[in-house]
Each structure stands twice: as structure tokens, then as C-alpha cells.
Amino acid sequence: MGEFWDTHKHVIILVALLVVAFVILHFPFSKGNLDKDTLPVSITYDNYYHPVVSKGVFDREQQQTYAPYRAMGVTNAVIADPPLHFTIPATFTKLTTLPFYQGHFFISVLILLWTSVIAFVLFRRVFSPTIAIIAAAFALVPPGVAWLFQLYIGFTNSIEAFFFALFILFLLVYTLEHPSILAAALMGAGFAAQFLTHGPIEAGYTFLFVTITMGVLWKKRHAAWLLGHWLVIFGTAAVLSFYQYVLLRMARITGEGIRETLFGGKPIPEYFPQPGLGWLITILVLIGAVVLVLRVVSKKMSKQQLVVASFLAFMLAVAFSYVLGVDGSRSFRQLYSAYPLLALLPAIGVVALWNQVKRRVSDRFVPLFEIAVVALIVGFSISPIFAGLASIGANGQATPERWQTLSWVREHTPPDARVFYLFGFEHEFGMLAERTPFKGDLGLGYTQRNILELCNGRFPQNFSGQWGSAITVRADEGRMLVPTKEGLFRTSWHVITRPGTDIIIPKPEDQVALSGFDYVVVQHAGTQADSCMAFFLKEALAQNATVAWKNNQFTILEVA
Amino acid sequence: MEEQSIHDLGGRMKEHLKPLAWTAGILAVLALVGGLVTPTSMITMLTVALAVFLYFILPGYSVLLFLKLDAVERILLSVPTSAILVPIVLYFANVFGLPLSRTVVIMVCAGITALALVLFVRAKTTAPHSPQE
Chain C
37 MGEFWDTHKH VIILVALLVV AFVILHFPFS KGNLDKDTLP VSITYDNYYH
87 PVVSKGVFDR EQQQTYAPYR AMGVTNAVIA DPPLHFTIPA TFTKLTTLPF
137 YQGHFFISVL ILLWTSVIAF VLFRRVFSPT IAIIAAAFAL VPPGVAWLFQ
187 LYIGFTNSIE AFFFALFILF LLVYTLEHPS ILAAALMGAG FAAQFLTHGP
237 IEAGYTFLFV TITMGVLWKK RHAAWLLGHW LVIFGTAAVL SFYQYVLLRM
287 ARITGEGIRE TLFGGKPIPE YFPQPGLGWL ITILVLIGAV VLVLRVVSKK
337 MSKQQLVVAS FLAFMLAVAF SYVLGVDGSR SFRQLYSAYP LLALLPAIGV
387 VALWNQVKRR VSDRFVPLFE IAVVALIVGF SISPIFAGLA SIGANGQATP
437 ERWQTLSWVR EHTPPDARVF YLFGFEHEFG MLAERTPFKG DLGLGYTQRN
487 ILELCNGRFP QNFSGQWGSA ITVRADEGRM LVPTKEGLFR TSWHVITRPG
537 TDIIIPKPED QVALSGFDYV VVQHAGTQAD SCMAFFLKEA LAQNATVAWK
587 NNQFTILEVA
Chain L
4 MEEQSIHDLG GRMKEHLKPL AWTAGILAVL ALVGGLVTPT SMITMLTVAL
54 AVFLYFILPG YSVLLFLKLD AVERILLSVP TSAILVPIVL YFANVFGLPL
104 SRTVVIMVCA GITALALVLF VRAKTTAPHS PQE
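Those sequence lines, one after another, are chains C and L.
Under my numbering, the residues of the first sequence are numbered 37 to 596, in order.
Under my numbering, the residues of the second sequence are numbered 4 to 136, in order.
Source of the hints: derived by calculation from the structure; they are not laboratory data.
Derived lysine to aspartate or glutamate pairs resembling EDC-like cross-links, with alpha carbons at most 16 Å apart: (1) Lys-21(L) - Glu-76(L); (2) Lys-45(C) - Glu-76(L); (3) Lys-71(L) - Glu-213(C); (4) Lys-586(C) - Glu-437(C); (5) Lys-21(L) - Asp-73(L); (6) Lys-574(C) - Glu-489(C).
Some chain C residues close to chain L (C-beta under 8 Å, calculated; not the full set): (7) Val-47; (8) Val-93; (9) Val-153; (10) Ala-228; (11) Leu-276.
Cβ atoms here follow ideal geometry from the backbone N, Cα and C, with glycine treated the same way.
Let the sequences and hints guide you as you build the complete structure.
Set out below in C-alpha cells:
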């Protein structure tokens, strides 16, 4: 037992940490029930968009075209979103008996946690097992919810792309010791995975770092070897990314383009959580940073350690480059993604302090020290983090009444039904019903405009909104165009005439009369505008709409 | 001489299988405990454990046999390796017309694993001192 413990103690501690961290991240949202067919996290746009598109892939067993309810009813609109983010949950869940949304959430939590595990493997190899396990404790059970984004409420593509970045970093470190074509090919596949997960953002950062590092470290000694490996990396990445690159070039993304992203210098949105450290962690981080800098200056670092420290500094520089007016929000979110890597700093701080004590105590106290530190981190962190996440989980959009309503729409209406959600749901919760919605993504403004009309005692002749959701569209001389699939590789542009309207304008806004909908979902109770909803119901029923279903908060009208 | 080489290979393969057996055991125990102490059904827990092993462990582990890693590194890094290879292969299989069905997912996971193992054994038997160890 003694020998077994000595050999495997770090792995045993890591497994225990993983179990604790999984419970902390998962159970506040799922209540530990993975058989429940509801969306565990329902807070921000990402929570709806990614699972819904991914479920479309899962249900239809293909990810070449969007489910029609995501594409204004068009049946063959090409998916130009980075695909891997959808492929992994859609295919993994096929092997389980999990309801899809639980499978999607499981994968998200697994990837979040495993980013810290890759960091553990990296630090264990490059620094020491003690530093690695303490860093893992900081990363997996972080003491201070404020400065992390371990929570699955957004930035999911960034987080997943960074998961691959740390693996690429490990392979880079590995090739310094053991030049390997396979490792180079895996790095290339890793870059492709980043690109196929979140476009050029993280792949660009990581590729830039790897290229610079290879150039600096091996410039003189192994020029041919360096070039060969770099070509394998670049070639593998290019071949695997080419198809998606063509799709991206064809379609104009509805968000910012690459140029706007890199050089737009947008400010950080207010809803971004601000990083903040407790005083103890601040001291440990500072000690860790000083130790690292001193080791660099005194040239006591190995090449591998230097690479890891440089990547850490590089990611910090990327994250804070927004102050230079470069890529504001998108660069700043790297601070959250890179959290498992940044956990190296407090871990080095702890070990530096311990080294001062260690000289006076026996070596047999080292394992005790490791366990004590990990236990302290977990002990002080677990309760506030769990409570914080449970509070967020309890305030999600997926209340039982709403889920019941959406489930009714999903189960009792024709697949091509056009549905209007006239209630106070934020964003586009209605997309979960898997019917073509008249709301659009991030369409809160339309909802407010419609409700304001009703509250002013006017039944709108036309309601404002957008058909479908944020599919990749392109405006051309006043017409909406969607790339559509016609064969294995052939695609063309399809002119969209949105159902229920003849107005075709570049901005995807529509004005639709009540008769243009098949169903209208109304929250008649529990809003701050219940009287306005009552007015709508009265007027709509007078216009031949009928009540198809209702519960204590919602009414679903079928429009004749 | 050849018999000796095959015997050595068998011994090394047994060593390589040990971490896999440990991992499968840990996943099974976690699934059983999870099935007992949470509201989730035992069958769901077991299928999740099996899926993690088949999708995230086996393919990556087999490919990483070619690199000079210790057992802990190989097991833990099999997750990102599989997370790169399996979905990329599935995505392109789908581009070429294969459905993303359970059968295809199993075939791709098993195929990557089998291909890597065959190449590894072949590399070992034809050139005992490469590619790793």
C-alpha cells in the first residue's frame, strides 16, 4: 500500500479533485439527475444556441445543413459555424442513454475540467508533480469565483479551443525532447480542431506562439528539422481546415468579421465578469510571478519551462491587449480560458514558501504538505463556489412552466409550424421548441416593442421580429441570401423570402400580422405586463384565434 | 530471436493494457457510485462511463502509444487526442455522406483504435527499437 501510494498519490489526488470539481460544476445545474430532459444551464445566449444547433445534428445525424427551424424554414442551408463544437456532443451522446441536453452539458463540463488535467500533465512533466497537483487544485476547485470562468455560461467556443491549445503546448514541449513527426501531425490536427471549434481566434494565437517559439529555439541548430516539422504542422492543419475555410469564405458571418474582430478594439461588455483576486491568492500569485522572473533572469530555467512560462506571458499579453485598442472582448476572454494555465503562478508561490520551511523538516512531510494544501484549497473553496453556482442554476430560464410550454409546442405542432413567442423570455429561449420562431436571436428589442404597443392599448397590425435565428446569411442588393447545399461539395446561394412577408430588406427585420403565425405563445401570468398580455389574448381571440393549450402561466393560441 | 521479440512485445503490450484496465475500473466504480448516490439511473451512469472509455480514452491512448510518454501522461492525454481525432474523422465522414449514427460513431472509435494498434505492433515487430521506449 505504501509503495502504491508513493507511486500513484498524485493521480489518486487528481481523481478525487476531478470528482469534487465535477460535482461542483455539474450538480448545481443538473441536481445530479442526468436522466432529466431539460436544459441544465439556461442563462445566456450560448446556453441556447449551441445545444439547439447540436441537437439538430444529433436528431438528424448530419451536420451539413441546419435544421429548418434554425434557418427560416429553408431545408438545405449550409452550416458554416465551426462544426466540432456541435460534433462532439452530438456524436458522444449517441453512445449513451443520456437525454441530449444532458449529454451536451456533460461534454461541456468534461472539457472544462480536462483543460486543467492537461495543465496538470504539462506542469508535472516540466516543473514538478507537487507544483502540478497544487495547480490542479487551484484550477479545478478555484478559490474565488470572481476571477474565473470555469462556469459553463458562455464563451464556450473559446474555452473549448483553449482546451486544444494546452495540448498543443504539451506537444511542443514534448518535441523539444523527442522530435517526432507524429507529435507534429497531432499539433497540426490540434490547430485544425481549434479552427473547427472557434474559427481563427484561438488557433491564430496558438499558431503564432508555436511558430515564434520554434523559430527562436531552433533557428540555428536544426534548420532543416525545424522546417520539416513546421511544414507537417502547417500542412496537417491546412488540409483539415480547408473545407471549413471555404465555407467561411462563402458565407458572411452574422457576427463580426475577422478584420473587425482583430482590429475593432471594441470595449469589454459590462456583463463580462471582472477578474478579482483574494488577498491570499494575490500574494501567492505575486510570489509565483517573482520566482518565475528570477529563474528566467538567472537562467535557471529549462527550455521546456521557458516555453510554458512564455506561453503564460503570451496569453496574459493577448488578454490585456484590449487596452491597446486591439480586439477588446475577444482577447479579454482568453483570461478566462487560460485559467488552468494561470493556476501555475499561485502553485509556484505555495511551493516557494514551502521550500523555505522544507529545509527544517523531514522529507516524509512532503506528501502531507501536498495533501494539506489541496485540502485547504478545496475546503475553503467548495462551499462558496457551490452556493454561487446553485444560485445561478436556480435562476435559469428553464422553469418547469416554460419547459412544459416548449415541450407542448415541440410535441403537438407540425414541424414546419411558425411560432410567435410573445412573452418576457430573454433572448431566444423559444428556439428550444424546435419550430421556426418569429423572434430572432438576441431579439429582446422586438419583444419590448411589441409589448409596449399592447401596453399602450393598441393591437399591432404587424408585429416586429425576425424569422428563424442567427443563421449565416448574406445581404445582397436588398435580398437575403443563404448558402445552400445541392450535392456533396456543390453549394449555391438561395434567395430567402421569409414566410409571412413580402418585405425583403438587408437587415433581417420583419413585420408580420397575427394571421402570419400558426401559433402564438403568451405568458399571461408572472410578468410585469400581465394586463397587456390579457389585452392581447382578448383581441386575438376576437380575431378567431383559439386556445390550444394552457398552464398556470402560459397560453398557446392556435391562429386560424 | 523472433520468438523472443514477440515475447517482449507481448509483455510490453500487457504493460500498456494495465493503465487501460485501471481507467476502465475507475470509470466503472464512479458510475456505480453515481448510480447509487444520485437520482440518475444506473444504466445511464454505466453507458456514460462506457462512452467515455470508448470515445475519449481508447482511440487517443492507442495513437499515443507511439510517443514516449509515461502511463499517466498517456491516459490523461488520450482525452484531448481522442477529442481531436474522433470528431474530425466523424465530421469528414459526414461530409462524404455517412450519417452520424451510433453505428458510425462506434466504427470510427474502433477503427482509429484498431488502426493505431496494428501500426504500433507492426512497427514494433519490424523495428524493435522504434518508435518509442
